[in-house]
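Q: Hey, can you work out the whole structure from these sequences and the hints?
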Amino acid sequence: MYDYIALHGLDILTTILGLIYIWLEYRASIFLWIVGIVMPALDIWLYWQHGLYGDAGMATYYTLAAVYGYIVWKWGHGEKRTLPISHMPLRLYLPVTVFFFVAWGATYYILITWTNSTVPVLDAFTNALSFVGLWALARKYMEQWFFWIAVDVVCTFLYVTKGIPFKAGLYGLYVVIAVAGWFKWRQLMHRQNHQDQQSPSTSEA
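Counting in my numbering, the sequence shown runs without a single skipped number right up to 578 at its last residue.
Wrong hints could be hidden among the right ones.
Unchecked claim - Label-pair ranges, simulated between beta-carbon atoms:
| no. | residue 1 | residue 2 | range |
| --- | --- | --- | --- |
| 1 | 407 | 557 | 18 to 24 Å |
| 2 | 533 | 568 | 42 to 48 Å |
| 3 | 472 | 495 | 14 to 20 Å |
| 4 | 487 | 549 | 45 to 51 Å |
| 5 | 478 | 441 | 34 to 40 Å |
| 6 | 536 | 447 | 35 to 41 Å |
| 7 | 494 | 468 | 34 to 40 Å |
| 8 | 563 | 465 | 19 to 25 Å |
| 9 | 488 | 459 | 18 to 24 Å |
The set of hints was computed from the structure by calculation and includes no laboratory data. Positions of the beta carbon are idealized from the N, C-alpha and C atoms, including for glycine.
A: This is the structure in structure tokens:
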């Protein structure tokens, strides 16, 4: 038992942090970004040990992006006390799509050129879409849940094949929670819009 825990200790720890993270994200709590700094910092080591070099690089980005997300949620919303949940504007769909495919291709090239990754296509896919998903989360766009569902499904498969069972189980759970999270955020957005309609505007004050 001790040997098993020693072997999978980092996997178990980051899985526990991941559960806390997704629960905070589900509740749209700003504290998700605090966990979002610690967890990926540990993931860098975990992924590198298992040859998931793209994910290791992505974890570095996650750590830095979590700082950005915290700043945006806390101070990047003008006069509103909290950044509101909203839909991603239609004008952003084309540039986001272009960015995703460019990032996918660039990450794939890096993996096949400078690493011995055995799953470069899928590893690059989850990395590229995670860039988009984390950006959408930082902006509190509803569509971020759809991006994460796709990422989580692929990651579950990758981690099973790479022998990271706890992380694989976590991402399988993420798929379920992401679906529930979309409904939760939709409810929060409707409540938020209703409150905005009920409160007097600044010009009427």
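Q: Now, for every hint given, state plainly whether the structure supports it.
A: For each hint, the structure was consulted:
1. In this structure, residue 407 and residue 557 meet the distance hint of 18 to 24 Å, their C-beta atoms being roughly 20 Å apart.
2. For the hinted restraint 42 to 48 Å between residue 533 and residue 568, the CB-CB distance of approximately 43 Å keeps it satisfied.
3. Hint check: residue 472 to residue 495, Cβ distance near 19 Å, so the stated range 14 to 20 Å holds.
4. The beta-carbon spacing between residue 487 and residue 549, approximately 35 Å, falls outside the hinted interval of 45 to 51 Å.
5. The hint said 34 to 40 Å for the Cβ distance between residue 478 and residue 441, and at roughly 24 Å that hint is violated.
6. Evaluation of the 35 to 41 Å hint for residue 536 and residue 447 yields a pass: the beta carbon distance comes to about 39 Å.
7. Distance hint check for residue 494 and residue 468: the Cβ-Cβ separation is about 23 Å, which falls outside the suggested range of 34 to 40 Å.
8. Under the hint 19 to 25 Å, the C-beta atoms of residue 563 and residue 465, about 22 Å apart, fit the expected range.
9. Our hint of 18 to 24 Å for residue 488 and residue 459 is violated, since their Cβ atoms are close to 38 Å apart.
In summary, the structure is inconsistent with hints 4, 5, 7, 9 from the numbered list given earlier, while agreeing with the others.
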